[in-house]
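**Student:** Sequences are here, hints too, so could you generate the full structure?
If you read the protein sequences in the order shown, they are chains A and B.
Quick note, the first sequence lines up with residues 23 to 710 if you use the working numbering.
Quick note, the second sequence lines up with residues 1115 to 1685 if you use the working numbering.
Heads up, some of the hints might be wrong.
What the hints assert, rightly or not - DSSO-like cross-link-like pairs, simulated, lysine-lysine; straight-line CA separation at most 27 Å: (1) A/321 - A/65; (2) A/245 - A/670; (3) B/1633 - A/245; (4) A/480 - A/670; (5) A/159 - A/148; (6) A/324 - B/1633; (7) A/321 - A/700; (8) A/321 - B/1633; (9) A/667 - A/324.
What the hints assert, rightly or not - So the derived label-pair ranges between C-beta atoms look like this: (10) B/1376 - A/685: 43 to 51 Å; (11) B/1165 - A/685: 53 to 61 Å; (12) B/1158 - A/527: 53 to 61 Å; (13) A/271 - B/1212: 29 to 37 Å; (14) B/1275 - A/525: 27 to 35 Å; (15) B/1278 - A/527: 31 to 39 Å; (16) A/709 - B/1437: 39 to 47 Å.
Unchecked claim - Chain B side only, calculated, beta carbon under 10 Å to chain A, not exhaustive: (17) 1318; (18) 1520; (19) 1532; (20) 1536; (21) 1571; (22) 1573; (23) 1575; (24) 1580; (25) 1652; (26) 1656; (27) 1668; (28) 1680; (29) 1682.
By construction, these hints were calculated from the structure, which means they are not laboratory data.
Bear in mind the structure is a predicted one, so any value in this text is a computation, not a measurement.
By construction, the Cβ of each residue, glycine as well, lies at the ideal position given by its N, Cα and C atoms.
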Amino acid sequence: MTSTVTVTATGAKKSRAQAFDSALLREAAGLAWRKFAPASAVKNPVMFVVLVGAVVTAVITAHRIGTGASFGFELASALILLFTVWFANFAEAIAEARGRGQAASLRSARRDLTARRLLDKNGNGKKETIAATDLRKGDRVLVQAGEYVPADGDITQGVATINESAVTGESAPVLREAGTDHSGVIGGTRVLTGDIEVTVSTDPGESFLDRMIGLVEGAKRQKTPNELALTVLLAALTLVFLIAVSSLPALAGFMDVQLDTTMLIALLVCLIPTTIGGLLPAIGIAGMNRALQANIIAKSGKAVEVAGDIDTLLLDKTGTITFGDRQATEFLPLNGIGEQRLALAAQLASLEDPTPEGKSVLRLAQELGYEKPAMPVDSQFILFSAQTRISGVQQADGSHCIKGAAEAVKRWAQQRQLPVSPVLDTLVNRVAQQGATPLVVADSQAVLGVIALSDVIKPGVAERFARLRALGVKTIMVTGDNPITAGAIAAEAGVDSFIAEALPEDKLELIRNEQTAGRLVAMVGDGTNDAPALAQADVGLAMNSGTQAARDAGNMVDLDSDPAKLLAVVEVGKQLLITRGALTTFSLANDVAKYFAIVPAVFAGALPAIAALDLMQLHSPQSAVLSALIFNALIIPALVPLALKGVKLRAQSAEQLLRNNMLVYGLGGVLLPFVAIKAIDLMLSLFL
Amino acid sequence: MIEILLLVLIPLLLAWPLGLYMTGIFSGKPHISDRLFLPLESALFRLSGINPARGMDWKSYGRAFLFSNLILGLLAFVLLLLQSWLPLNPDGIGPLSWDLALHTAVSFLTNTNQQHYSGQAQLSYFSQSIVLVTLQFVTPAMGLAICAAVLRGMNGGRNAETAQENEERDLGNYYVDLVRGVVRLLLPLAMVTALLLAAQGVPSTYDGAQKTAVLDATSEIKEQTIPLGPVAAMVAIKQLGTNGGGWYGPNSANPLENPTPVSNAIETMSIVLIPMAVVFMAGGLLRRRGFTLMSLAAMGLLSALCIGASIYSEQLPNAAFAGLAAEGPNLEGKEVRFGADASALWATLTTQTSSGSVNAMHDSLNPLAGLVTRAGMLVNAIWGGIGCGFVNFLVYVWITVFLAGLMIGRTPEIFGRKIETREITLLGALIVLPTLCILGLTAFTVAIPALTGNSNPGFHGIAQVFYEYTSAFANNGSGFEGLGDNTPWWNLSCVLVLLVGRYLPLVIPLMIAGSLARKRVAPVSSGSLRLENATFCLTLVTVILILNFLSFLPATVLGPIGEALELAQTE
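**Tutor:** Right under this line is the structure:
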């Protein structure tokens, strides 16, 4: 599970633990029988042929019982064929059951909720209490502190802190406010503080979650484009084998040989690509599940698949590459002033500072080993304001310790006739050029030095970009910072290029340009002004905390609102395709050995010359056929874990990936069945 | 051994400059050859009312291709039916039956040249040297035209720079491509080759058959009739144009059609020269030299394997000689003049390309070499027929790109253009087609033994029928021989296979190219599949082998493989 490395959601861990628990297996086993219904079976042409083969073999068995002929081989074949289909159904069922389980745990939160709906549009306060399931899109509801949000929607009035752990697994409360880019609320989450008015954004059964459940349920599931193309190819191959096997009785008839129908059916079933045919639906559903495990709700399977094709990732610097809040990373004292004095003044100026920057100054000092001073008695804290751009402390004796923007502090010092060393400007510029923000510290005696506030890059981001680059994905950082700052961060994070001083419209422009050059673009967004770009991007991942407009425009929603998730989505998409390709190759490669097991068996009795093809020296024609059939059936459940987890995605160039997969699944696919069929035959020979 | 190597390497070396020349004449840019040929071509276009400047999308291109074939086919059919009333018939040869005339017309129209007649005995000079030779010049140029159009499509067509997304692309002008292929490529090459062959003693005359006294005076026959005609001209284009239909029934095994070791060398090299040059042309038109190298490697590997197996097989004694004192290679059905090696080489190359001319009887090859000839025709893309062989090769490339594309985790794309459901559906039809035609008709025919006219029972009988349909579908035209094939059933069922085997494998790739051409092109990154490397090349070879192995193994087990095993046991 490399795709969810950065995913911290507890939901993911929970569902992984329950991947194969017994209740799930029981549910899937039952479901697998129900999938024998013709309407359901015919959707998978490969497995449908197997089912028809099973029925024909069963009829032959019944006929032989009726005529008193030996029927053990036919009965065994019929049963193995039946189980081959069942195993395929089971693979699909278990993938569905896991997906449903995950979705249901997300959805359970919103059952049995009631809502207070505002009755008329003028808002004169009349309201009624109804079941949450009766809410319609556009309804306005009131939610007070301690209540549950009855449905997905947008806050239209008020501000609230909300616990979203029921949905995202993240227990820290989040702030949501009307009219901001963080106005979205999810049904089933609890309002901790504040009263809000929410406008419902979906009709019942149409929420993102409902759509996601549709993607993992067999009945409603639409095949994704690549899956459809592969299904067509597999159907064509099935037809080829059907013709090849059907032509044999006539050819044998020319040589006055009667071929055994059961053996021909066995040959056909072994040749058609049952392994990939049986696992194909499960692979697709499992891809959606992996997205869901990462707390990403895709609006279509296609979106997840397309994610694997992404050429360019458009990433907001803030929140995706960096933590977003600037943190103190260095104290730079002026000449003649010790770091200790600077650190002390900086800490005094930050002791009661509620901003993240202020807190980070204290943290830095602590990390550097300075003791935290106590707040001087009778001192007064000066809060940062947009006008003064200074914060600090005024002590009882009237002396100050302050920190603030360079210009503001210089003006403050000049007003007090403190000397301002020209070295200050050098320091300030140097900090700015490194992509950091300089804060100048002063006390009543002197200007002391500079604190460097840096945008701290999230851990592991650079490695992930390197991985993506190996897979051919280009990363572009978008930021409002000036080019110097942006360049420094871009270099440190290892993105391929960046756009500085970007306006929201620039994103749309950039996406269009990339698309004109033939690239597929993915981006993350949360604000309403991101909506056009989200809609234009081939993969638009909207933050769940974002506005309704953004969520509508994107084709995926991230419940955790973690922009770095985009990287995981790309990997899920790639894994999906690789798994399909690898298992198709494996399935076809298997046929070589199956030929050498069955073809001699089919002809051995009548045409002794052909027995020379029996390279594997199998026990008897019957045991050879049964061994191949058993291998053919068992390989499906054996590969279910791989189908559900996906083939491991390594950060390699296309050529390396192809070479490895051809060696493992191509060459391995040729060799494995020789060994396995021989082994099964040895075991069977004990009983026959 | 050295001769064998030279006979393969010399055409490969000649194919290089020839391929560059072909790139030049099909690239649509002014070319040095314009000065010599443009006046003639312009006159032809003016006479026929064709506007050479008009670009065609895949639909117009395909329509023009099919239309020109329909007209030519009807004309050939009628002229063959009426041959006894037409001039140039000094030996007074009678009319053909309608089904034989139809089969012959279709067989030459499809560049197959499968012959259910014996040339010198059943066709007039007019039929051979006017009707058939015309088709032998025109049909390879048609295949080449389609190939050029498909290659242009893979680069987005000639209007790639100016066209909007989803706008139909200009794949060239079919008639210009056709005329250029004939006038600038086939006519000059055939002229040189015909002269060389005539110099070696191949007849070149419009005089009737010659009667001479036999050398052996003691023989019961006192007088021998030696059929003649403008043989050298036909043999030249027969070999160069992957046609294969010779003047005489025994084809190039006949001493008049292939008199000396030198003529044999010239004819052998002519088989593969243009098909090899097409590979160089492809890289030129795609502007990807690496693709040419990869294709050469894939085809060369398969070709070398087949030639090696074939020569090894014919070095073994004939199974009928088992236990006798006589040792040595299998010379049954071979000309002692050429020997086992040169015959095995010819048999391999003629079935890899869609030529089908023979200098030995394939019916008498040892089983392994017999299998190699079938493998060449079933794959039908190792060099292959002119144009159509490379188009078949591209079909394998597309299928491999689809599988390989999935395995690297991207929607499969070739040169940045995505292969999606529409393309895969069309490719699926191409995968099913050979099995359906060859196996379906083989099974049907052997199920009704009265139809087959086999000369052999058992494995060999099935092998004969399988070979005939394989040869027809591959538009190869070589005969396994030993079949009484001039019957309405054989003539008509082969007509069906010939038509399906020619037109669908050319028109469907044209459709795919038309659809690829319109697509948005993704730029190359380290994540995109590159075709120009050993990994892809080996994957491609594997896909080619596995696809054919899986499709045809059961049938070949009851045919040539069964026969081989049976012979092995009798030894």
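**Student:** All the hints need checking, so say for each whether the structure fits it.
**Tutor:** Each hint, compared with the structure:
As the CA atoms of residue 321 of chain A and residue 65 of chain A are separated by approximately 23 Å, the hinted pair is consistent with the 27 Å bound. Annotation: proposed proximity of residue 245 of chain A to residue 670 of chain A holds, straight-line Cα distance about 23 Å (limit 27 Å). Using a Cα cut-off of 27 Å, the hinted pair residue 1633 of chain B and residue 245 of chain A holds, with the two alpha carbons roughly 22 Å apart. A C-alpha spacing of about 24 Å is found between residue 480 of chain A and residue 670 of chain A, which places the hinted pair at or below 27 Å, so the restraint holds.
Between residue 159 of chain A and residue 148 of chain A the CA atoms are separated by roughly 19 Å; this keeps the pair inside 27 Å, and the hint holds. The hinted pair formed by residue 324 of chain A and residue 1633 of chain B meets the criterion: a straight-line CA distance of about 18 Å does not exceed 27 Å. For the proposed pair residue 321 of chain A and residue 700 of chain A, the alpha carbon gap of about 47 Å is over 27 Å, so the pair is violated. Of the supplied pair hints, the one linking residue 321 of chain A and residue 1633 of chain B holds, its CA atoms being roughly 25 Å apart against a limit of 27 Å.
Proximity of residue 667 of chain A to residue 324 of chain A is assessed by CA-CA distance (about 19 Å); at most 27 Å being required, the pair is judged to hold. A beta carbon spacing of about 48 Å between residue 1376 of chain B and residue 685 of chain A agrees with the range 43 to 51 Å that was offered as a hint. The hinted window of 53 to 61 Å between residue 1165 of chain B and residue 685 of chain A holds, with their beta carbons roughly 54 Å apart. Our hint of 53 to 61 Å for residue 1158 of chain B and residue 527 of chain A holds, since their Cβ atoms are close to 58 Å apart.
Range check, residue 271 of chain A to residue 1212 of chain B: about 34 Å between beta-carbon atoms, so the 29 to 37 Å window is met. The hint said 27 to 35 Å for the Cβ distance between residue 1275 of chain B and residue 525 of chain A, and at roughly 32 Å that hint holds. Take residue 1278 of chain B and residue 527 of chain A: their Cβ atoms lie about 25 Å apart, and the range 31 to 39 Å is violated. Under the hint 39 to 47 Å, the C-beta atoms of residue 709 of chain A and residue 1437 of chain B, about 45 Å apart, fit the expected range.
About 45 Å separates the beta-carbon of residue 1318 of chain B from the nearest beta-carbon of chain A, more than 10 Å, and the hint is not met. Hint status for residue 1520 of chain B: holds, given a least beta-carbon distance of 3 Å to chain A, under 10 Å. The beta carbon of residue 1532 of chain B is positioned within 10 Å of a beta carbon in chain A (closest approach about 8 Å), and the interface hint is therefore held. Interface hint status for residue 1536 of chain B: upheld, as the beta-carbon distance to the closest one in chain A is roughly 9 Å, under 10 Å.
With its C-beta approaching chain A no nearer than about 8 Å, residue 1571 of chain B sits inside the 10 Å limit, and its interface hint holds. For residue 1573 of chain B, the suggested interface contact is upheld, since its CB lies about 7 Å from the closest CB of chain A, less than 10 Å. At its closest, the beta carbon of residue 1575 of chain B sits 7 Å from a beta carbon of chain A; the interface hint therefore holds under the 10 Å criterion. Taking 10 Å as the C-beta cut-off, the interface hint given for residue 1580 of chain B holds, the closest approach to chain A being about 9 Å.
Hint status for residue 1652 of chain B relative to chain A: holds, with the closest Cβ pair at about 8 Å, below 10 Å. Contact between residue 1656 of chain B and chain A, as hinted, is supported at the beta carbon level, the nearest pair being about 7 Å apart and thus within 10 Å. Here the hint on residue 1668 of chain B is kept, as its CB sits about 5 Å from the closest CB of chain A, short of 10 Å. Hint status for residue 1680 of chain B relative to chain A: holds, with the closest Cβ pair at about 4 Å, below 10 Å.
Among the interface hints, the one on residue 1682 of chain B holds; its C-beta lies about 7 Å from the nearest C-beta in chain A, closer than the 10 Å criterion.
Of the numbered hints stated above, those contradicted by the structure are hints 7, 15 and 17, listed in ascending order.
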